[in-house]
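Reminder that position 291 of the sequence shown reads as 291 in UniProt numbering, one-by-one numbering, no gaps.
Treat the hints with care, as some may be off.
To be verified - Simulated restraints on C-beta separations:
hint, residue 1, residue 2, range
1, Lys474, Gly189, 52 to 60 angstroms
2, Asp479, Ala182, 48 to 56 angstroms
3, Glu126, Leu197, 33 to 41 angstroms
4, Arg480, Asn62, 50 to 58 angstroms
5, Asp61, Pro481, 18 to 26 angstroms
6, Glu417, His124, 28 to 36 angstroms
7, Asp14, His124, 35 to 43 angstroms
8, His124, Pro471, 52 to 60 angstroms
9, Arg146, Ser389, 46 to 54 angstroms
10, Thr419, Arg325, 20 to 28 angstroms
11, Gln88, Ala34, 55 to 63 angstroms
12, Ala18, Val387, 31 to 39 angstroms
13, Ala483, Thr419, 53 to 61 angstroms
14, Arg10, Ala55, 51 to 59 angstroms
Read the hints as simulated data drawn from the structure, not as lab findings.
None of the values given here were measured: they were computed from a predicted structure.
Glycine residues also receive a C-beta, built at the ideal position from the N, C-alpha and C atoms.
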Amino acid sequence: MDLPPWLTLRQASDAVAAGRPDDAHRLLAPLIEAGHRKAWKAAKDVARGYCKRAAQLMDRDNPEAAWQDLLAAEALNTGEKCVIDLRQTLSRFGLVQARAALEAGDPERAAERVARLQDRGVRHPELPRVASGAAGWLEAAAKADRGDFLPAIDDLHRLRDQFPAPTDALDRFREAVRGRHARFLDAVGRAQDAATLREWRDAVVAAEEALAAAPAYHAARTLRDKAWQAAHPGTPEPVNGTAVTLSHPGSTPAEKPAAATLPGRPAMSSRLLARPDDDEPRSIRGSRSGPPPTDRDFGSGPGLPRRFLLWVDGVAGYLVCTGNRVTFGQAVLEGGPVDVPLFADVSRIHAELSRDGEGFLIEAGKATAAAGARTLMVNGKDVGRSVLSPGDRITLGATCQFQFHRPVPVSSTAKLELTSGHRLVHCVEGVLLMANEIILGPAGASHVVVPGVTERVLLYRSKDGLGVRVPGGKVLVNDRPHAERAPLPLPASVEADGVTFALEPVGPRV
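Modelling step: build the complete structure from the supplied sequences, incorporating the hints.
Structure (structure tokens):
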């Protein structure tokens, strides 16, 4: 039922006074469209209400919501001065954010902020400079990833003279590119020499090191695949670091682990040496004589491995860590208590991530006289330790970067996604920090999203180790049927409700 105009105007005025200009806008829209004289006067009050609420949102550090109020106020087209002032304030703030992202070494975020400002009609003389700085940095990074290091270094040198922010992060990135270039040249030379001598295993390792320095260098990837086929005839070639298709139900249990194994995972750690500038002493367990420790030596339960590999058919592979404390460091020959070994310019024990009932805390490793302090950044800021929130970007060393996710808010299991192109010893997409369970299933409530499925499959801790549960369904574990739930040995091949995956033990830590 339509209200009389006087009552609509009264309700709109009350909504503005209560800090709800959007409700007032909705009420006045029909009157404004009809050309009602008093509605235009009321629209000015609504525009001022939008400005007032936007200022409050800015005080609460919510510029996105403030932008929405500004755009709504501008749609009224009242010409209020507060609307013009608000646009100038938000434009300057967005420009400061873009510059800060560049200063923090995050050109991708800077480019996103610039694009958002441009989409909102911001015209500022500094905006093209910031856009050019972000685009130039990203283009140089792409060239370095392709192996074009000298052009990338030249571009970064020219960019420095016109950079619209302090150049400390840009200078660090340029030095990191130079270091990658040196490692790249050494690795490519060794790969070519090994291929000439038909020492295929050495060629695979050297090609992997070249790809760690230049992830998009096509020639190294081709050589790596060729060397892998020569060193391991009869096994599938590595396909861009993703998992191969798992075996079908008709294969024998003995065939399952081999079929589920990712190619491109040779014992590369045996070819890597510790950084010469890192003399941190190894733990007693890492330096003792006799056979190396297995992951069960470091487990967090009687039958629960501290780490294992999860290969989900058609999706990806993950390194799963079950402990409450997880260490990050460089993959080295001598070994040591490193849960996440990285092919990156990081220290032997670079950082440690811990979980408790309150959340996740990451802290840098201890400084040494030779290696100095471990560089740890969260969202571009240097930190010694930091509590993590979903979406945070963690940078180890100069360029090795993860993004932290909590895909299921009610679960304490977290996910680390590699975003910098670096690699782990195992050819996986990321790391799962398992709390009580890992959920595989549809998007929205799963740690691992499996396209095309509607039901969830749960991996869970039990007193005897790992288990799998399919609510109301059946599950095949190593070709043996089970109703609803089953224990999981390692290795294991599992099929349940359209989800096929395999679990493998990791073996000794590197």
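Here's how the hints hold up against the structure:
1. The hinted window of 52 to 60 angstroms between Lys474 and Gly189 holds, with their beta carbons roughly 54 angstroms apart.
2. In this structure the hint that Asp479 and Ala182 lie 48 to 56 angstroms apart at CB holds, the actual value being about 50 angstroms.
3. Remark: the range hint 33 to 41 angstroms for Glu126 to Leu197 is contradicted by a beta-carbon distance near 56 angstroms.
4. The given range of 50 to 58 angstroms is respected by Arg480 and Asn62, whose C-beta atoms sit roughly 54 angstroms from each other.
5. Distance hint for Asp61 and Pro481: a CB-CB separation of about 54 angstroms, inconsistent with the stated range 18 to 26 angstroms.
6. Judged by the Cβ atoms, the range 28 to 36 angstroms given for Glu417 and His124 holds: they are separated by roughly 34 angstroms.
7. In this structure the hint that Asp14 and His124 lie 35 to 43 angstroms apart at CB holds, the actual value being about 38 angstroms.
8. A beta carbon spacing of about 55 angstroms between His124 and Pro471 agrees with the range 52 to 60 angstroms that was offered as a hint.
9. Between Arg146 and Ser389 the CB atoms are about 33 angstroms apart, so this pair departs from the stated range of 46 to 54 angstroms.
10. The given range of 20 to 28 angstroms is respected by Thr419 and Arg325, whose C-beta atoms sit roughly 23 angstroms from each other.
11. At about 33 angstroms, the CB distance of Gln88 to Ala34 disagrees with the hint of 55 to 63 angstroms.
12. As the Cβ distance of Ala18 to Val387 is approximately 36 angstroms, the hint placing it in 31 to 39 angstroms holds.
13. Checking the proposed 53 to 61 angstroms range against Ala483 and Thr419 shows it is violated: the Cβ atoms sit about 41 angstroms from each other.
14. Look at Arg10 against Ala55: about 26 angstroms separates their beta carbons, and that is not inside 51 to 59 angstroms.
Violated hints for the displayed structure, listed by number in ascending order: 3, 5, 9, 11, 13 and 14.
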